[in-house]
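Asker: Residue-level listing of the chains:
Number of protein chains: 2
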Amino acid sequence: MDKNLKKLKKILYEVDDINNASSLLGWDQATYMPAKGAEARARQMATLGKLAHQKFSSKKIAKLLKKLEPLEKDLDYNSNEASLIRVTRKDYEKATKVPAKFLEEFSNHASATYQLWIQARAQDNFDMVADNLEKTLDYSRRMANYFPHEHIADPLIDNSDEAMTVSVLRPLFADLRKELVPLVEAVVAQEPADDSAVKQFFLQDKQLDFAMMIAQDYGYDKKRGRLDLTHHPFMTKFAIDDVRITTRVNQNDLTDAIFSSLHETGHALYELGVSHDLDRTLLAGGTSSGVHESQSRLWENQIGRSKDLWQYYYPKLQEVFPEQLKDYSLEDYYKAINKVSRSLIRTDADELTYNLHVIIRFDLETDLLEGKIAIKDLPELWRARYQADLGVSSETDADGVLQDVHWYGGQIGGVFQGYTLGNIMSSQFYNAALAAKPQIKDEISQAKFDTLHNWLKENIYTHGRKFTAAEVVKMATGKEMTTKPYIAYLKEKYADLYDIKF
Amino acid sequence: MDKNLKKLKKILYEVDDINNASSLLGWDQATYMPAKGAEARARQMATLGKLAHQKFSSKKIAKLLKKLEPLEKDLDYNSNEASLIRVTRKDYEKATKVPAKFLEEFSNHASATYQLWIQARAQDNFDMVADNLEKTLDYSRRMANYFPHEHIADPLIDNSDEAMTVSVLRPLFADLRKELVPLVEAVVAQEPADDSAVKQFFLQDKQLDFAMMIAQDYGYDKKRGRLDLTHHPFMTKFAIDDVRITTRVNQNDLTDAIFSSLHETGHALYELGVSHDLDRTLLAGGTSSGVHESQSRLWENQIGRSKDLWQYYYPKLQEVFPEQLKDYSLEDYYKAINKVSRSLIRTDADELTYNLHVIIRFDLETDLLEGKIAIKDLPELWRARYQADLGVSSETDADGVLQDVHWYGGQIGGVFQGYTLGNIMSSQFYNAALAAKPQIKDEISQAKFDTLHNWLKENIYTHGRKFTAAEVVKMATGKEMTTKPYIAYLKEKYADLYDIKF
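So the sequences go chain by chain: A and B. All residue numbers for the first sequence refer to our numbering, where the first residue is 2 and numbers rise by one. All residue numbers for the second sequence refer to our numbering, where the first residue is 2 and numbers rise by one.
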C-alpha cells in the first residue's frame, strides 16, 4: 500500500476508535448510566470529542491529502482507496473551515437555547426563546457562509445530506406536497379506521420479544447487536460488528415498540451491511441522513406495515396475545396499524401525513435563512401552513412551533430534509429490488427476507460512505431521484386501505 | 491556584476522562457487548490506553513537576495539592522508567502465555506452559530491575501495594501462617458444618434483589451505581458518582451471589467515598490493592457473614424463600455460610483457609524471583505446600499450580499479597471503628450501617490515593500494621462456630 495512504489510515483508525468509544459513552448514558453519573459523562464525551477533532483536523492530514492527490487521480473513482481520499478531503474541509472559536460559541449558545426551550415548551411561551432563536438564525447563516454556496441553506444541508441543494429539494418537495395534500384530504374524508385492536394492554416483555423476532428474521444478528430500552429509540454503532438499537414500549399501544424497533433495525442493517474492507475508516457508515432514513422507513413501512408481512406474522401475534386479538381479523389489524389522521405532532404522524410535517419545516427554515420570513412571525406561519396542508392547527405553540428540538438544540437549516428524502428513496430502492428480484413480495409473506436484504446489501449497504446519495440512487436504480414511485406506492396502499380511487 | 498546578491538573483531567472511558468499554465488554464486537473493542481499548499513556508520560508533565518542587515543599504534606504533586511524581516515574518497547514485548508475551495457559489448564499439562513461564519470570525480573530496590520483588509489589516490601510482608505473613495452620487443623478435625440450608434451588432474580437490598442498606446508592451480571464479579468506576458492581448467580447455592455482591459493594463504597475535591485526578481512587481488599472483605465477611447482621436479615430471607428455609434456624444458616473445609481452589476457599492459599502463592513467587526455586519444580512444590498448610493436595495441576490466571496473564511477583493484606487491615480498621463508636455492633443487628460507614469514609475513603496503605493504617488506627486483631477475630469467630477452645 502507498505509504502516505498507510499513514492517513493510521490516523483515521485512531479517530474512529475514539469516536466509537464516545458513541458507547452516549449509549450507556441513554440506557444504563445511574442518574448522578451524568455530569462526569458529559465531560468525558467532551474530552473524547475534542481529542478526535484535534487528531482529525491536524495539519498532518492536510499534508497527506496533498501528497495523495496524484494517487487519487490514478485510481478508479469507485475504488475504496480513491473514495477514502475523496471523502476524507470533504470531511477535513468541513472540520477545518469553521474556526474552533466560532463552533464553541455556537455550541454554547445552542446549549443555553436548549435549556430555555425546555422551559418555553413547558410554559407554552414562544417569546421566551424567540431572541435566542434569532441568534441561532444568525449563527446558522454565519456557519453557512464559511463555505461557498449557491443557496445559503446548501452548506447546512450538505452536513447531513451531502451534495443535496435547495435547488434540487424545493421542486422535489413541492411536487410531493402537491400530491400529498389532496391525498390526505381524500383519506381523512372517509370513515376513520378502527384501531381498537392495537389500543389494548400488551405486556412489555412480550412486545419486545415479538419485535426482536421480526428484527432477527429481517437479518439482525444478536451476535452483532442488541435491543435495549430508552426514552427515545435510536440506533448506534461501535464497530461494523456491533450495531445496537433501542426502543421504547407503550403497554397500551402495540404499535409503538414494534414499529420503532423495525425502524431502528432498518438503520442497523445498513450499518451492519457496510463492507468489512472499509472497517475503522470514515467510510464505514451510512452515506447520508436521507439514505439512512430510506432504510429505516423501508423496513418499518414498505415491509413492516405491509399486508404481505402480516399474513405470516399476524397469526403468531394472535398466539402471543390471544385474549386481546381473538376477535380481530388480519384485515382489522392491517387497518389499525395504517390508520391515517390529521395530526399536529410530527413524531406521532402516520406514514401518509408524515412528509407534510417535514416539508412545512423545510420550507420555513429555508425561508428564514433567506430572510423572507421573520422569527417573530413563526408561530402564526406555522399555524397557517398546518391549516393549509393538514387541515388542522394547534392552539398552543407547545404543540406547534415549539414541538421539535432541532432548531432549539442546534442550527436552523438542513436538519429536516433527510426524513422525507428517505421516504422518497425508500420506494425507488424497493421498486428497483422488486424489478431485479420479483420473488421478493412472495417471500415476504413467508417471512423470508434474504433476497431483499442481499439486494440492498449489494447495491447500497456495502458501499458505506463511498458515494453520495444521488450516486447511490443512480447506481442502484439506474435513475435520478424522483418522487413518482413513492407517490404511486402511497396511492396504491391507501386506495386499497380506504377503498377509494385516486 | 498556582498556574503550573493548574496546567498539571488540566492534563490529569484529560487522562482521567480517557481512562474512565476505557473502563466503560471494559464494563460493556463484560456485561452487554454482543459476541462479535470483541475484536473492535480490544482495538478501541488499546487506542485509548495508548492515548492516556502518551498524555501522561509526556515531557510536559516532567517539566511541570520540576517547576512544582518549591510549591510542594511549602505545602502541608497532607494537603490535596501536595499529595497530588507527590503521587503524580510517583506514577510518572512508574510510567516512564520502563521503556515502551520492553512493555510491549512483555505484554505480547503475556498475551501469548495466557492463550497457552487456557489450553494447558484444560489439558492439565503444566509442561505446555513451563517454557513461557520461565520467560515471564525473566521479564518480571527485568521489569523490577528498572527500579532501585532492596528485594527483587519490591518494585513489583509496589505497583499494587505502594511502599510495601518483602522485608515487611515476609514476617507478617509467616506470623499469620504460624497461627492459621493449627487453627484450620483444629476446625477441620470437628464434625463438618451442615450447609444444606444454602445448597438448594434459589431463583436468580430473588437472590439479586436480596443482595441489592443489603448493599443499599450498607449505603450503596442506585443513583450512583448499579448491579449487573458477569462471569466474574468485579467493581469498576467511571466517576466518583458512577461506581458499578457486577456479580454472578448460582441458583443452587445461595451464598455465591449474595457474598460476591457484598464483596464488590465494599470496593464500591470505598471509591464512592473519595472526596469530591479529588475528582478527575489520579487521587480519586483507592490507595492500594490491600486497602481496597480490606473494604471488600470487611463488608463481605466481618459484617456480611456476622451473626449480628443475619439476626436482622435472616427472617427476611425466610420470607423470600419460605419453602427452602422454613426448617432451618438462624443458627443453622449462620453455620452454613461460615462452613470451613480443606480446599484446593483459592477462589472457593472459606474465610479461614483463604489466606493460606494466598501465602503459598506469595512465598512461591518470591522464591522464584530470588532464584531459590525453579519453574520446573513448581507443580511439586505447590503440592507439598498445600499438603503442609491445608492438609490436602491436588492430583491434577489444573486444580494446582495452573488454577490462577495471575502468573500466566501478567508478571510473577507482587500479584497476590493484596488479598491477605486486606484481611489483616480489615480487622485493624474494624477494631478502630468499634473502639471509636462502640454502638456499631448493636446497630448492625438493626441493619443500621451509617455510623460504621461514616467512620470508614472519614478515616479511609475520603483520602483517596493521598496516603499509602501504611500511612492510612497509622492515621486511622494509631498503630502499625499488625496481624493480631485479625487472628483474634478469627479465633473468636471459629471458636464459637465450632465450639472449640484455642
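Each hint should be verified, as a subset may be incorrect.
When chains are identical, the list treats them as one kind, so a pair holds in a single copy or across two.
What the hints assert, rightly or not - Derived lysine to any residue pairs resembling SDA-like cross-links, with alpha carbons at most 20 Å apart: (1) 60 / 490; (2) 485 / 191; (3) 308 / 499; (4) 51 / 14; (5) 37 / 277; (6) 4 / 186; (7) 377 / 321; (8) 37 / 281; (9) 11 / 51; (10) 37 / 20.
Rather than coming from a laboratory, the hints here were simulated on the basis of the structure.
Asker: Each hint needs a verdict: does it hold in this structure or not?
Answerer: Consistency of the hints with the structure:
1. For the homomeric pair residue 60 and residue 490, neither the shortest alpha-carbon distance inside one copy (49 Å) nor that between copies (65 Å) is at most 20 Å.
2. For the identical chains of this complex, residue 485 and residue 191 are neighbours neither inside a copy (25 Å) nor across copies (88 Å), given an alpha-carbon limit of 20 Å.
3. In this assembly of identical chains, residue 308 and residue 499 lie within 20 Å of each other by CA distance solely inside one copy; the values are 14 Å within and 72 Å between copies.
4. In this assembly of identical chains, the alpha carbons of residue 51 and residue 14 lie at most 20 Å apart whether taken from the same copy (16 Å) or from different copies (13 Å).
5. In the homo-oligomer, the alpha carbons of residue 37 and residue 277 lie at most 20 Å apart only across protomers (13 Å), although the nearest pairing inside one protomer, at 38 Å, exceeds that limit.
6. For the homomeric pair residue 4 and residue 186, neither the shortest alpha-carbon distance inside one copy (62 Å) nor that between copies (68 Å) is at most 20 Å.
7. Taking identical chains as interchangeable, the C-alpha atoms of residue 377 and residue 321 are never at most 20 Å apart, the minima being 52 Å within one chain and 62 Å between chains.
8. Proximity of residue 37 to residue 281 under the C-alpha cut-off of 20 Å is restricted to the inter-copy arrangement: shortest distance 15 Å between copies versus 33 Å within a copy.
9. Taking the shortest Cα distances, residue 11 and residue 51 sit within 20 Å of each other both inside one copy (18 Å) and across copies (14 Å).
10. In the homo-oligomer, the alpha carbons of residue 37 and residue 20 lie at most 20 Å apart only across protomers (19 Å), although the nearest pairing inside one protomer, at 24 Å, exceeds that limit.
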